[in-house]
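K.L.:
Sequence:
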Amino acid sequence: MEVIHKIGRRKTAVARVYVSEGKGNITVNKKDMATYFPTATLQYKVNQPLVMTENDGNFDIKVNVYGGGITGQAEAIRLALSRAMCELDAENRSILKPEGLLTRDPRMVERKKFGQKKARKKFQFSKR
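Using this note's numbering, read the sequence shown as starting at 599 and increasing by one per residue.
Treat the hints with care, as some may be off.
[What the hints assert, rightly or not] Taking lysine-lysine and the DSS-like style, the derived pairs with C-alpha atoms no more than 27 angstroms apart in a straight line are: (1) 695 to 719; (2) 604 to 621; (3) 629 to 604; (4) 720 to 710; (5) 695 to 609; (6) 660 to 643; (7) 710 to 660; (8) 609 to 621; (9) 695 to 710; (10) 660 to 629; (11) 629 to 719; (12) 710 to 604; (13) 609 to 725; (14) 725 to 711; (15) 660 to 628.
These are calculated hints, taken from the structure and not from any lab test.
Given the structure is predicted, the values throughout are model-derived calculations rather than measurements.
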(Lines of atoms letter the chains of each structure in order from A and count residues from 1; the text may use other names and numbers.)
(Lines give C-alpha, C1' and ligand atoms only; values in the text may rest on other atoms or scores of the structure.)
Protein backbone atom coordinates (compact mmCIF):
# COMPACT_ATOMS: atom_id res chain seq x y z
CA MET A 1 0.00 0.00 0.00
CA GLU A 2 1.33 3.42 -0.91
CA VAL A 3 0.82 6.53 1.21
CA ILE A 4 -2.66 8.09 1.02
CA HIS A 5 -2.67 11.91 1.17
CA LYS A 6 -5.86 13.83 1.99
CA ILE A 7 -6.73 17.38 3.07
CA GLY A 8 -9.38 18.47 5.59
CA ARG A 9 -10.51 21.98 6.51
CA ARG A 10 -12.54 23.57 9.31
CA LYS A 11 -12.88 27.34 9.92
CA THR A 12 -9.34 28.53 9.09
CA ALA A 13 -7.56 25.29 10.02
CA VAL A 14 -6.06 23.14 7.24
CA ALA A 15 -4.89 19.56 7.91
CA ARG A 16 -2.81 17.42 5.57
CA VAL A 17 -2.97 13.72 6.48
CA TYR A 18 -0.60 11.00 5.26
CA VAL A 19 -1.86 7.45 5.96
CA SER A 20 0.47 4.45 5.61
CA GLU A 21 0.48 0.89 6.94
CA GLY A 22 1.83 0.57 10.47
CA LYS A 23 1.06 0.00 14.13
CA GLY A 24 -1.34 2.86 14.84
CA ASN A 25 1.01 5.78 15.62
CA ILE A 26 -0.54 9.22 15.09
CA THR A 27 1.92 12.11 14.79
CA VAL A 28 0.64 15.71 14.64
CA ASN A 29 3.19 18.38 13.66
CA LYS A 30 6.06 16.03 14.68
CA LYS A 31 4.55 15.51 18.15
CA ASP A 32 2.59 12.59 19.55
CA MET A 33 -1.17 13.10 19.31
CA ALA A 34 -1.61 12.83 23.10
CA THR A 35 0.77 15.77 23.68
CA TYR A 36 -0.63 17.92 20.84
CA PHE A 37 -4.28 17.31 21.82
CA PRO A 38 -4.25 17.04 25.65
CA THR A 39 -8.00 16.62 26.25
CA ALA A 40 -9.89 13.36 25.74
CA THR A 41 -12.59 15.14 23.68
CA LEU A 42 -10.12 16.30 21.03
CA GLN A 43 -8.43 12.88 20.92
CA TYR A 44 -11.85 11.27 20.46
CA LYS A 45 -12.62 13.62 17.54
CA VAL A 46 -9.36 12.69 15.80
CA ASN A 47 -9.82 8.94 16.37
CA GLN A 48 -13.54 8.86 15.47
CA PRO A 49 -13.21 7.84 11.77
CA LEU A 50 -10.64 5.16 12.64
CA VAL A 51 -12.75 3.65 15.43
CA MET A 52 -15.96 3.67 13.36
CA THR A 53 -14.26 1.87 10.43
CA GLU A 54 -12.41 -0.48 12.86
CA ASN A 55 -8.97 0.65 11.64
CA ASP A 56 -7.71 2.18 14.91
CA GLY A 57 -4.51 0.07 15.13
CA ASN A 58 -3.74 -0.62 11.48
CA PHE A 59 -2.18 2.58 10.12
CA ASP A 60 0.57 5.06 10.93
CA ILE A 61 -0.71 8.59 10.40
CA LYS A 62 1.37 11.75 9.93
CA VAL A 63 -0.47 15.04 10.12
CA ASN A 64 0.60 18.58 9.21
CA VAL A 65 -1.95 21.07 10.51
CA TYR A 66 -1.91 24.87 10.68
CA GLY A 67 -4.28 27.79 11.23
CA GLY A 68 -7.29 28.15 13.46
CA GLY A 69 -7.62 26.96 17.04
CA ILE A 70 -7.12 23.57 18.61
CA THR A 71 -10.75 22.41 18.12
CA GLY A 72 -10.84 23.51 14.49
CA GLN A 73 -7.58 21.66 13.90
CA ALA A 74 -8.94 18.46 15.46
CA GLU A 75 -12.07 18.64 13.30
CA ALA A 76 -9.99 19.32 10.16
CA ILE A 77 -7.94 16.19 10.91
CA ARG A 78 -11.17 14.23 11.42
CA LEU A 79 -12.44 15.25 7.97
CA ALA A 80 -9.14 14.37 6.29
CA LEU A 81 -9.01 10.96 8.01
CA SER A 82 -12.61 10.26 7.01
CA ARG A 83 -11.74 11.00 3.38
CA ALA A 84 -8.69 8.74 3.61
CA MET A 85 -10.77 5.86 5.05
CA CYS A 86 -13.20 6.21 2.11
CA GLU A 87 -10.35 5.99 -0.40
CA LEU A 88 -9.02 2.93 1.41
CA ASP A 89 -12.32 1.05 1.17
CA ALA A 90 -15.47 2.31 -0.56
CA GLU A 91 -17.68 0.49 1.98
CA ASN A 92 -16.42 2.83 4.72
CA ARG A 93 -18.38 5.64 3.05
CA SER A 94 -21.70 4.08 4.11
CA ILE A 95 -20.46 4.02 7.73
CA LEU A 96 -19.08 7.58 7.88
CA LYS A 97 -21.65 9.47 5.77
CA PRO A 98 -24.66 9.04 8.14
CA GLU A 99 -22.56 10.38 11.04
CA GLY A 100 -21.74 13.56 9.04
CA LEU A 101 -17.99 12.94 9.04
CA LEU A 102 -17.62 13.50 5.28
CA THR A 103 -19.30 16.91 5.30
CA ARG A 104 -17.08 20.00 5.32
CA ASP A 105 -18.52 22.37 7.94
CA PRO A 106 -19.05 25.65 6.04
CA ARG A 107 -19.45 27.91 9.08
CA MET A 108 -16.87 30.70 9.21
CA VAL A 109 -16.38 33.73 11.44
CA GLU A 110 -18.43 36.70 10.27
CA ARG A 111 -16.37 39.78 9.48
CA LYS A 112 -16.37 42.85 11.70
CA LYS A 113 -18.27 45.82 10.22
CA PHE A 114 -16.98 49.38 10.46
CA GLY A 115 -18.83 51.61 12.91
CA GLN A 116 -19.64 48.58 15.08
CA LYS A 117 -17.95 46.93 18.03
CA LYS A 118 -17.96 43.42 16.48
CA ALA A 119 -19.74 41.65 13.62
CA ARG A 120 -23.23 42.13 15.09
CA LYS A 121 -22.66 44.00 18.37
CA LYS A 122 -23.07 47.75 18.18
CA PHE A 123 -21.57 50.52 20.26
CA GLN A 124 -23.84 51.62 23.11
CA PHE A 125 -26.03 54.57 22.18
CA SER A 126 -26.34 57.33 24.77
CA LYS A 127 -28.51 60.43 24.34
CA ARG A 128 -26.59 63.06 26.34
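K.L.:
Please go over all the hints and tell whether each is borne out by the structure.
P.N.:
Verification of the supplied hints:
1. 695 to 719: Cα-Cα ~37 angstroms, so violated.
2. 604 to 621: 20 angstroms, holds
3. 629 to 604: With Cα atoms ~19 angstroms apart, residue 629 and residue 604 stay inside 27 angstroms; holds.
4. 720 to 710: 11 angstroms, holds
5. 695 to 609: Between residue 695 and residue 609 the Cα gap is close to 20 angstroms, so the pair holds against 27 angstroms.
6. 660 to 643: 16 angstroms, holds
7. 710 to 660: Violated - the C-alpha atoms of residue 660 and residue 710 are around 36 angstroms apart, more than 27 angstroms.
8. 609 to 621: 31 angstroms, violated
9. 695 to 710: The hint is violated at about 34 angstroms.
10. 660 to 629: 10 angstroms, holds
11. 629 to 719: Violated - the C-alpha atoms of residue 719 and residue 629 are around 39 angstroms apart, more than 27 angstroms.
12. 710 to 604: 32 angstroms, violated
13. 609 to 725: 39 angstroms, violated
14. 725 to 711: 23 angstroms, holds
15. 660 to 628: 8 angstroms, holds
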